[in-house]
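Peer 1: The lines below spell out each chain.
Number of protein chains: 2
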Amino acid sequence: MDILKRGIGVNFNAHNEAVVNVWAPDATQVSIATGTLVLELKPDLAGYWSLCTALIQPGDVYWFIIDKEQRLADPASLAQPDGVHGGSQAINTAYNWSDSSWENIPLHDYIFYEIHTAAFSHEGTFKGIINRLDHLIALGITAIELMPVASFPGKRNWGYDGVFPFSVQESYGGAAGLQELVNICHQKGLAVVLDVVYNHIGPEGNYLSAFGPYFTDKYKTPWGNAINFDDQGSDGVRNYFIENVLMWFRDFHIDAVRLDAVHAIKDFGALHILEEIRCHTSLLLEKTGRKHYLIAECDLNDPRYITAIGENGLGMDAQWVDEFHHALRVTAGEPARGYYEDFSGIQQLAKSYKDAYVYTGMYSVVREKTFGRKAFGKTNDQFVVFSQNHDQIGNRMLGERTSKLFSFEMCKLMAGAVLFSPFLPLLFMGEEWGETNPFLYFVDHSDPALIMQVRNGRAKEFAAMFDQGKTPDPQDEATFNQSRLNWELIGEHQHACIFRYYQQLIALRKKYFSFTSHEAPGVSILEAQNSLLLERKCADPTQLIWCVLNFSTEQLVLDI
Amino acid sequence: MDILKRGIGVNFNAHNEAVVNVWAPDATQVSIATGTLVLELKPDLAGYWSLCTALIQPGDVYWFIIDKEQRLADPASLAQPDGVHGGSQAINTAYNWSDSSWENIPLHDYIFYEIHTAAFSHEGTFKGIINRLDHLIALGITAIELMPVASFPGKRNWGYDGVFPFSVQESYGGAAGLQELVNICHQKGLAVVLDVVYNHIGPEGNYLSAFGPYFTDKYKTPWGNAINFDDQGSDGVRNYFIENVLMWFRDFHIDAVRLDAVHAIKDFGALHILEEIRCHTSLLLEKTGRKHYLIAECDLNDPRYITAIGENGLGMDAQWVDEFHHALRVTAGEPARGYYEDFSGIQQLAKSYKDAYVYTGMYSVVREKTFGRKAFGKTNDQFVVFSQNHDQIGNRMLGERTSKLFSFEMCKLMAGAVLFSPFLPLLFMGEEWGETNPFLYFVDHSDPALIMQVRNGRAKEFAAMFDQGKTPDPQDEATFNQSRLNWELIGEHQHACIFRYYQQLIALRKKYFSFTSHEAPGVSILEAQNSLLLERKCADPTQLIWCVLNFSTEQLVLDI
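Residue numbers (our numbering), protein chains in the order written: chain F, 490 to 1049; chain H, 490 to 1049.
If you're looking for bench data, these hints aren't it; they were derived computationally from the structure.
Do not take every clue at face value.
Identical copies go unnamed one by one, so any copy, or any two together, can satisfy a pair.
What the hints assert, rightly or not - In the EDC-like style, the derived pairs of lysine to aspartate or glutamate whose C-alpha atoms are separated by at most 20 Å in a straight line are:
| # | residue 1 | residue 2 |
| --- | --- | --- |
| 1 | 867 | 706 |
| 2 | 863 | 800 |
| 3 | 677 | 962 |
| 4 | 863 | 811 |
| 5 | 867 | 800 |
| 6 | 677 | 588 |
| 7 | 863 | 724 |
| 8 | 644 | 811 |
| 9 | 707 | 669 |
| 10 | 707 | 857 |
| 11 | 677 | 775 |
| 12 | 644 | 571 |
| 13 | 901 | 823 |
These numbers were taken from a predicted model, which means no experiment stands behind them.
Let's have the full structure, built from the sequences with the hints guiding it.
Peer 2: Next up, the structure:
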């Protein structure tokens, strides 16, 4: 593998020839077709087929034909102009970057701002984000985090149903649009994080099995058969995802990836795919000098994922901590239903401030088993926390943000709890002005059976948590439209006030807590008052900062 | 958990009362029945039900009744006098031990001798082994390793179809018989290793699902649904196997367990069940002062299994290395068919002498994927090697031992290759006199469909490796009888000669290589000659020993 260029799909060399590579280990013949032209590929090593030709040019729409059967889009397609059921488009990802002075910021300075590209702006595109970057800079965040941008079925999707991991959704602006966004972000001093999904492939437009053993029935995930990372034929599958992460870092200058639900990546091999991704990311750093972070969403409370490879860990830099969110929400008054049932309030929030994980070997009623272990020797910048995110909002039946569920004052307190935490804070778009529109789950599938399955699945999922109301139809375009940000709000009194409050909190965080010491804060519970006292060291070692979080409705008097 | 006494099943306290504990988390009523007596258990914590009664006495046969449905034997039964479909017998495992001066031998001094209890002696019992211990001591081995003894269906079985992990097969001599064997072994200076199966439960007589979620359909194993080590309700399942390993160590004075096929133990939780077993084994050591080893059969070439817990490993002491066997066999002339297809000879044998694992990140044709990783920083006493074992013999269609497949001289060479290796050697019973009887796969099931399935399964398995001959019927008693050792042979000329040869090799190993230094040997390949030169340091640092292994038919002249 040449780590400096993409080794699969259609790429263009210095002579503007198309270099075609596709993995089809069981095929006896592989061709590429564009227009009326059909070219045969030659078998290469390890189940790959290849061709170098001047007959395919950027812009051409092409298909693969395996063993003279149906035409198939390229698993490593860079563009799907006609959607997931259409052909692939050859494009040249060479880009005229002007971010050579950009250097990734230290992880401990990350303040994430999560964005759904379509719902963020009127435009619903990367351009729409570019047009709002000055707002984000005024807010003070240091990194935008894009929900998955891989081509998905239909016109609306959260992104987790993506089926072409290398192709940037056309309606968002495609590959060039994403590159422009990253380039401008870097010029403005913002890092860009991309959410990538390596635990499953969406249910519609997924033709991967026609090419090779991408899936295995050895393990089940919530989304069906697991991706084959350790079974027969897995080398090509592993390479596919390694190529993917390298492409984002190398060709799109993405600063960090957020690896979706790594607990659903089932790999019992001696070299876990996450470790192999870490190794390749480190190799790329050696070649380019550019640092990239790997941030896992992980629901295992297993510190091995964020432990260095040299210590037999999997080498992820950081991970999301949903349990901080759950403890915070219940402390703030969220009823302990559904997955909140494991949470009781202030003591668990205090534990999370100290240990990140709440469940470190205790019995979980929701999981019906003993769960987790303590994360010894980890640093605070290895944990990402939030008071809401796309999942925590969108996985409610009515998609309510905290602004709809908690009082004005409680929302401010929750923002403080996140932004003054020792961990890395993440905001969800619109949170900074108390957006009142929901963020609902939306899809745009074409298969009626699948649409029904998604509808029923959502309704069933909500049954445990919500006993009244009707689940909005994920397939209905109105559901998506309701979920878009309302930028008008920011000018209105109370919302303008919240925005200034977020600005202040972020400014204070940067002023006092932007430091490299990773000691856990002192945490005292003032339980009678449902309050916490965080005692934090700050950049100036002669200073000590106390943050008082009073979740009660009573006034709190502290003797100092 | 009181680590010093068994917490599940029926046990007797100091007042000779039966203390009954059973895990049945979904039950609404649990009773124990013996004769005409039926006693109700009380619900205890975490899905357990318990009772203390003087009405059940040692010798009583009992059943559990859950929610007034069918009678069920105890999952933690200590005896199944009427077989796996019968009731459980309450017994008192207190034993009058006379091995208080016994101290487990250092792992590097282990020379294993694998025994199938029924096929080993005329008697087919633990007594039969006791009667032959002087032969084993004369041979020089330091540890006997018993194939699984847990109660299995029918009268004949390798042991891997066991369904009562706590119950010692009645026909072997039951719990007291095993205790007597261990007691006498210890008096004679032999360690006892027991093969335990924690990756599946046999297909016949398996009533565990009536008690709780012992299995999960999240993962598939070659033997069906995996045991539930990480899914909902897994705490009780984990506890069941932890109690099992503790019982063997504490109540039977077993010195080490060989954990069967740990690669089929699927556990994605933050605390792997093997690590938890290690922790409890260490806790027991703290209480009793007795050391016990955990030796894994592991087909992953993943050194994490034998890495200390403090280094984020799973804490197994040692593991079997099938690849040493495969490399040795192919070097000796075994055709590279079936699972030998990945092996080509002397170079891989040399690699195994140095690195233990042959595949350390190379592509395996048989596995159809890149396999394994290098085991850095491991010591030689963490690997167990052999030129044959129950699997390698019995998984041949005709069950031939090396004596039937290789020349007299080659058999001697293979014995030397194992016994002069830096790793821990294991012999299979009868190997020491070149037993000529096969060791075939045998079962004694009662379900015709299962019998047919086993028959067809074996035949299918052999299709890839053996193109002629007929697979002996595993169900036929004659198949078992053919597999028994023929002790008469040892008096015959050539066999007596081999026995003396093994004695000599073992004596030489003990004299020169019984040392604590764990350096890898120097290995030079004399390839033109299909020979290896092992250069080994020995106990006396001024001495150096050269072992020349000449697998060719040519004479080898070495210039020294």
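Peer 1: At most 20 Å between C-alpha atoms: does residue 863 with residue 724 qualify within a copy, between copies, both, or neither?
Peer 2: Between copies, since 18 Å is at most 20 Å while 33 Å is not.
Peer 1: Between the shortest in-copy and the shortest cross-copy C-alpha distance, which are at most 20 Å for residue 677 and residue 962: within, between, both, or neither?
Peer 2: neither (39 Å within a copy, 76 Å between copies)
Peer 1: Within, between, both or neither: how does the pair residue 644, residue 811 come out at a Cα-Cα threshold of 20 Å?
Peer 2: neither (29 Å within a copy, 53 Å between copies)
Peer 1: How would you label the pair residue 867, residue 800 (within, between, both, or neither) given a Cα cut-off of 20 Å?
Peer 2: both (12 Å within a copy, 15 Å between copies)
Peer 1: First find the shortest C-alpha distance between residue 707 and residue 669 inside one copy, then the shortest across copies, and answer within, between, both or neither for a cut-off of 20 Å.
Peer 2: neither (41 Å within a copy, 43 Å between copies)
Peer 1: Are the CA atoms of residue 677 and residue 775 at most 20 Å apart within a copy, between copies, both, or neither?
Peer 2: Neither: 26 Å inside a chain and 60 Å across chains, both beyond 20 Å.
Peer 1: Reference check for the pair residue 863 and residue 800, CA-CA at most 20 Å: within, between, both, or neither?
Peer 2: This pair counts as both: shortest intra-copy Cα distance 16 Å, inter-copy 15 Å.
Peer 1: With identical chains, the pair residue 867 and residue 706 could be close in the same copy or across copies; at 20 Å between alpha carbons, which is it: within, between, both, or neither?
Peer 2: Result: close neither inside a copy nor across copies, 35 Å intra and 34 Å inter.
Peer 1: 20 Å Cα cut-off: does residue 707 pair with residue 857 within a copy, between copies, both or neither?
Peer 2: The answer is between: 16 Å across copies meets 20 Å, while 23 Å in one copy does not.
Peer 1: Check residue 677 against residue 588 for me: Cα-Cα at most 20 Å, and say if that holds within a copy, between copies, both or neither.
Peer 2: So residue 677 and residue 588 pass the 20 Å test inside one copy only (10 Å; across, 76 Å).
Peer 1: How would you classify residue 863 and residue 811 at a CA-CA limit of 20 Å: within, between, both, or neither?
Peer 2: Classified as within; 15 Å inside a copy, 35 Å across copies.
Peer 1: What label fits residue 901 with residue 823 when the C-alpha limit is 20 Å: within, between, both, or neither?
Peer 2: within (15 Å within a copy, 74 Å between copies)
Checked against the numbered hints above, the structure breaks hints 1, 3, 8, 9 and 11 and satisfies the rest.
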